[in-house]
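Quick one: dock chain against chain with the hints and give me the complex.
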Amino acid sequence: MNGIDLTLRTLRGGECRLAAELLAAADRHRADHEVRHVATDLAHWSQEHARRLAEAGAGQEQAGEDTRAPGLAPDEDNPGLLLLRDLSALHLAAVENSLHWEMLAQAAQATRDEALLALASECHPRTLRQMRWTNTMIKNIAPQVLAVSPAG
Amino acid sequence: MDASVDRIARPWGSRTPYDRHEPWPSRVDTFLADGIDADSVTDWVQAASILHSDGDAMDIAVVDGRIAGVRGRAVDRVNRGRLGPKDLFGWQANASSDRLTRPLIRRDGRLVECSWDTAMERIADRSRELLAESGPGSLGFYTSGQLYLEEYYTLAVLARAGIGTNHLDGNTRLCTATAAEALKESFGCDGQPGSYDDVDHADTIALFGHNIAETQPVQWMRILDRLAGGDPPRLLCVDPRPTRVAREAAVHLAPRGGTNVALLNALLHEIIRTDRVDHDYLAAHTVGFDELASEVAECTPAWAAGICDVPAARIEEAAELLGTADRLLSTVLQGVYQSHQATAAAVQINNLHLIRGMLGRPGAGVLQMNGQPTAQNTRECGANGDLPGFRNWQNDDHVADLARVWNVEPETIPHFAPPTHALQMFRYAEQGSIRMLWISGTNPAVSLPELARVRAILGQDRLFVVAQDLFLTETAQLADVVLPAATWGEKTGTFTNADRTVHLADKAVEPPGEARPDLAIFLDYAARMDFRDKAGGPLVTWHDPESAFEAWKRCSAGRPCDYTGLTYAKLRGGSGIQWPCDDGAPDGTDRLYTDGISWARPDDCETYGKDLRTGAATDADEYRASNPEGKAMIKAAAYLPPHEEPDDRYPFQLTTGRTLYHFHTRTKTGRAPQLNDAAPDVWVEVSAADAGALGLDEGDLVEVSTPRGSLRGRLRVTGIRTGLLFVPFHYGYWDTKAGSGPDGEVPGRAANETTVTDWDPVSKQPLFKTAAAALHLVERAHGEIAPAPTTTASAPTRHGSVPDTAGGPSAHVTEDTE
Ligand code: SF4
Chain U
7 MNGIDLTLRT LRGGECRLAA ELLAAADRHR ADHEVRHVAT DLAHWSQEHA
57 RRLAEAGAGQ EQAGEDTRAP GLAPDEDNPG LLLLRDLSAL HLAAVENSLH
107 WEMLAQAAQA TRDEALLALA SECHPRTLRQ MRWTNTMIKN IAPQVLAVSP
157 AG
Chain G
458 MDASVDRIAR PWGSRTPYDR HEPWPSRVDT FLADGIDADS VTDWVQAASI
508 LHSDGDAMDI AVVDGRIAGV RGRAVDRVNR GRLGPKDLFG WQANASSDRL
558 TRPLIRRDGR LVECSWDTAM ERIADRSREL LAESGPGSLG FYTSGQLYLE
608 EYYTLAVLAR AGIGTNHLDG NTRLCTATAA EALKESFGCD GQPGSYDDVD
658 HADTIALFGH NIAETQPVQW MRILDRLAGG DPPRLLCVDP RPTRVAREAA
708 VHLAPRGGTN VALLNALLHE IIRTDRVDHD YLAAHTVGFD ELASEVAECT
758 PAWAAGICDV PAARIEEAAE LLGTADRLLS TVLQGVYQSH QATAAAVQIN
808 NLHLIRGMLG RPGAGVLQMN GQPTAQNTRE CGANGDLPGF RNWQNDDHVA
858 DLARVWNVEP ETIPHFAPPT HALQMFRYAE QGSIRMLWIS GTNPAVSLPE
908 LARVRAILGQ DRLFVVAQDL FLTETAQLAD VVLPAATWGE KTGTFTNADR
958 TVHLADKAVE PPGEARPDLA IFLDYAARMD FRDKAGGPLV TWHDPESAFE
1008 AWKRCSAGRP CDYTGLTYAK LRGGSGIQWP CDDGAPDGTD RLYTDGISWA
1058 RPDDCETYGK DLRTGAATDA DEYRASNPEG KAMIKAAAYL PPHEEPDDRY
1108 PFQLTTGRTL YHFHTRTKTG RAPQLNDAAP DVWVEVSAAD AGALGLDEGD
1158 LVEVSTPRGS LRGRLRVTGI RTGLLFVPFH YGYWDTKAGS GPDGEVPGRA
1208 ANETTVTDWD PVSKQPLFKT AAAALHLVER AHGEIAPAPT TTASAPTRHG
1258 SVPDTAGGPS AHVTEDTE
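Residue numbers (the numbering used here), protein chains in the order written: chain U, 7 to 158; chain G, 458 to 1275.
Chain G with its partners taken away, still in its complex shape (with noise of 0.2 Å):
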């Protein structure tokens, strides 16, 4: 059946009601250009989206060599043929007319075209000088989570043993980091244990800091769908904000800011005083159970509730639901990893699994989620700040067995300290230690915190920066070179989502004027770098994309994300696979951990662990006594007060966070018009009851303001928790008269101007989600109203209030059901 929908009004589109336990029916969502229909298509070219992590997977509709429209494949086990808002509408953006089409080198303090080879020069020229004058050290990469695997291993080979340098990171780091640190932390290796195919099955679903409904909307296409079919699961939402999520719910817990460790563990010490452990799973796969027993002994539903601002008897309910649940699948994301203690957080939900027995089986299972879109890649590969292949960097068999993949000496290879943190690459700049930044795919000048100081740090003479991007970001604007890439559609390559599923993306069109892709850029440094193996051969033996995933899949050999069963023609034409995937699962492998946990024994982590307090490292012979068996373990954490609180001058909690039609610094997003419409300024989100006792009102032009800096928004008030503010990250000033930051004229709107520096030291995620600011009003509404969206968590509270968010024609999109 086939029908038309406003996928801006209806974003998580029609019904596909199913049964616990049956497959999820198909849908596929159909959005073509104005004037093209299916038959006026010449090619559909396979891919999946890269504006989330999902990895939807989808075909490409071509026409006379442009894009023209997209399409679900509905053979696919991720989206079953669905696409979300940003899916369907984003690919717009490619053919943007400012798209960079030459490469620019700054002359004179301008930015002026130039050939690649001058701008490829420049970059030698500048790394052999630093190389000479000031070592390795003195050069660092800050990549992405937006291109794609055959990219990020390239980089990392070039960076790691090329260069030799410590400093390469993703701006995975501000979305991902927990995700994989606590996985190491529990498991002792990153990797997906569970499936998204566990909504199908589970019967209780916890949803921790993660607003599904607008960060992986398809995921929660799913979960409605379940909703609406036999034996629904229940759900359980953490989160301050009046999500979709929170309104499904059966129980909405709306915690203070920071304070996560404190309800968690509150929540264990109720299962485990009812006794809801699992004991045999405990005693056959865990390690570490007794110390979080006395750990939560005195952290009982009344303690949490003065601490976390919740009922104690809503805790009550929640742990109730969760030690009922006979297949519980937890997710989380930003309102976990983003905020205070994040990592310790983020395991004590790990705990909550190991003690229940909920891993391994249909139904049961963590998804420690991710944001961005390859954030999988780049952690697999190690351009995040580990080694590639899930390799220990303290564990010298491990680099030794890389050096052999690479055939380098061990030496070559930096592992005397662990790979350096994006935000500690830019201290080390600011400090002029790292003298040239080497940036791709991503817009520090918008999303790193602390705005100000990160512009001076980029604006610095002395630091070298070249940026490759789309487009001229508010980054762009403040480089020394910048050089013009190719995107989704316009190069081939593969990513991976946060369940472990791979999908090939192909190329459908050319890019735009000179723009190459990154692998090809990458290549290019490569070559004109020169590096050499030990034998004196070249360094990088690859040439295009197929060719570098042949190249990853002997460096994953044998590792936990083995690649080895994987080709590009195997995932050519069917649905992505899962990883592992190899000569034992040809197929791939749905869940980890099914047979206990099989990446934890001392001489195979991934990592030591870390104290989850201080961040310390814990050494070889630590772990070695405290899990000579490698199973699973289990890691109390006691609650610490957040750095920052609310005081008389900065009275509330400022949290950040995403809308569903906006990606990252919406560098695409922003210029696909239906999303740029649905969403197309910032705004902050505030309590009826603060709006009254301050007496403001909906569509008020407000500033908020911390002791780093400011932003003005118009004023949307809805069912947020008191005492909490609400910004969306997305707004920068590339689509102001500004360009690259706030002026005389235009002022802050960007979310961090205001957000804190602070990290989590053990996953070295900064948090977004604990400052304190102050809230004035600068301007009456007259008439006008916020520019938030209606259809999501920034639903105002007054219904009718302002007019309902929709797309109108433009936003149809066809769903075709059986």
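Bound conformation, chain U alone (with noise of 0.2 Å):
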């Protein structure tokens, strides 16, 4: 298996994972509706991207499997808390399928892979807004979840 290969392999499998990923989190996290709709909306995106990565050549084998699913966490009465971690998560996922899409892309430019370039083009954006989207919530959230404590 060449690089590029293994590349667009490890992505489909991030691109899943974050795909439900979001998915558990928007359920997980009900009663916070934006988390819940907007979750939902981009877990699609994921879900288009892996199946354009199958597509592609990155194999069918096992690749959405590994749903770690974080944040089912100890603290399920601080739910404020629970969803700081798994914004962070997502995010942190988000980052790491951004760099494969780099990777994807850098080497389709260097091997001229037309196809592969268009592919990593349309879909790395939306990898950077999934990311944007985490990183608004977090921003947003934090300030409440972390400094100001819920009464008893």
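There's no promise every hint is true.
[As the list claims (entries may be wrong)] Taking CB as the label site, the calculated pair distances span:
#1 G:D476 - U:R58: 55 to 63 Å
#2 U:A37 - G:A1095: 24 to 32 Å
#3 U:E108 - G:D582: 51 to 59 Å
Since the hints were derived computationally from the structure, they do not count as laboratory data. The beta carbon of each residue, even a glycine, is placed where N, CA and C say it ideally should be.
As structure tokens, then:
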């Protein structure tokens, strides 16, 4: 397996995982309505990315299975903290995907693979938007969640 | 000529036709209490309406220290003497016998009367405790769209710089947040580009999700008068209901709920395909056209027809209308703002104007409307989740400038994150981190989505709730302290309508009992809390409406909403004046952007913008890179299916909305007899086809239910699109036996028992238009009819099947035309 194939596969796994994690977070944070709805919408992007990566030869095997479900955490009675944890995990997963998209785009240029370059340049911006969203959400809720303790 | 007209039966009154480019003739509407005539009026006191966002100017008739009627102001630019039914009759609520006249405080679970001192000390004590225990983030303020500018500004100063909390929003969040956000996304700054005068000059008027006949009835009179005159405009109506606007329209599109972006993208597609694009305007004043062109390239009318369920040919006709307009005026309201992809859709309407170069000229304008009368002021004053004076919370220079105006350190003003929006404040309260919520002039226990949840949040022991209102509303009944407020006619202040017109409303009579103006209450609180500036002086230096107005002028100086050219004296006697009003424009400004875009430069803009799909914030560098010269920004958006779609269990789409005769949660209009009788109770609208399929008929008692809850009302069969139900949102529980919410005997009545908690990620405006619902028969009509007006969008399909709505002698109004 060459490096490009390996990256395609890794990225497909990453997109599948991110989709699953977004859906899991949407479900876990049903009462945080913006998270619930936007995360569901954003999961569709990753699902589409994964499908297109599969078409581009990233293989079919097991890619989506490793759903680590971050934040199925002990602190069930502080939903704010739990949400921050989940958003951080989502952000990191998206960053990882972003790096892989970047690697693919570079490799596509080096090998003059137009199709692969097109794939990366269509999908990567959406990964960046996923990252911006998690980042914005973290920025907005962190002051309240971390600095203001809830009443018992 | 004097005529007497039943203004419940004929809500828009008589026509005064006029030709295009002519001034709108005046018609003075007068309604006086029984037995009063103009000669017995001791005083006429200048005011304007606060029952919708028109800002209709009027004079209050005073007889023996009591309000005895109203008369439109012929000189005013907004209404030229006309008044809508709510303006004409609503004032009677001021004198209701159930006005709150003393503060109430909760003792052993019950609200009992107390003195002002006791009530205010309790609030100040609790504030101090919370500040010491858990900091400013544990206090939140939720205000109205019905107070005055001076009151919002004072509240903004004491909340942002006194308490130092991020949690201050207005119920204008439910109403106008998307309008503001869409303007910011396109033009870098809030502020209505157009003017109501554009109605006089337009050759085409497009109303997007805007039932103007019922939401801004006086501007509808203006459109009707143009339709009756020479060279009338052609109307495009986008609305799933058979509104009065739809009846007058050259083209009526009734799309499925939640599909506005698909429809608009198809309209843009057609306009670009036929190259009805003003390329010079684009090059001079905009960025982003190519992205839009490629986004809508595939969005053909046939594609949109499948999503929106409207014929492709109709979409083409609409595009033809828009594409061939010479002066296009578009207006937008809740059918867009409270629906799925709200900001993305509203921005596409701005795009339509940008690509056609339809801005800044008489008749070529956009009105991103408000429903709340003083919504514009919450936005300017920073009582709605913005900083005062359209300052950018992400721009340190703007924050420093505000700190200079207030003479505080910049760090005092929370700007580490955007001001918290209303629904997020309720979420924080639900989680226990907001522990005091001060609610002024609004009624979330009826107006927010998913009411069972809202009542549970407000009812928590750990949340200290202050309610400041005229009546013991559904919300006040759940509060810990209730403050009796004075209202319109009983206090002085200014407010600004949807087209930037500032009006002064003077005090005409004394408030009942011990009720106090909202401004006096906020000033009392600021004094008790002893808020200081950085020199140790008092933070709030004003003491009455006029000095508060002067303070606001200093804050607005040099900002887009510059008020420095206005004074109370200048507003008294004449007509309303449109901001900006300063040395350069002493008579005000009728249109913004007559000369290119003014406030979108990176150092000036109110926001760096957001991703239209996710709401993620853009940062300063990205903004600077994409729009270095500060042009208007054309932003594309892809259509996304709604989050809740009908299924086997919930086969209908459900939408909520307003009726002409009521305002908001009916606290006032429900207490004005003519208005109450015109629409006394909730109803449910369904199409004839759906009624037939379910074997239902006019007047049947039905239950509407969703996963959140249910309500009961009588059925009205109308020309609404099939598959859609409509329920008016005004009705709550104060006039039922249950009081604050449904109970064992009183079933659900408020539309918001059923609505979904979901909001537009960009504007944070809740979505009231896209729930999925089931409809079931509870009981046959047995001769009952739905309590819905026949004069409006709720008119029955079968003419004559129910008696016509009329007000009778008590609703007769004099109309005086030249
Ligand atoms: S009731 Fe009317 S005014 Fe109030 S929020 Fe809704 S639309 Fe706006």
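Verification of the supplied hints:
{"no.": "1", "hint": "G:D476 - U:R58: 55 to 63 Å", "result": "holds (59 Å)"}
{"no.": "2", "hint": "U:A37 - G:A1095: 24 to 32 Å", "result": "holds (28 Å)"}
{"no.": "3", "hint": "U:E108 - G:D582: 51 to 59 Å", "result": "holds (57 Å)"}
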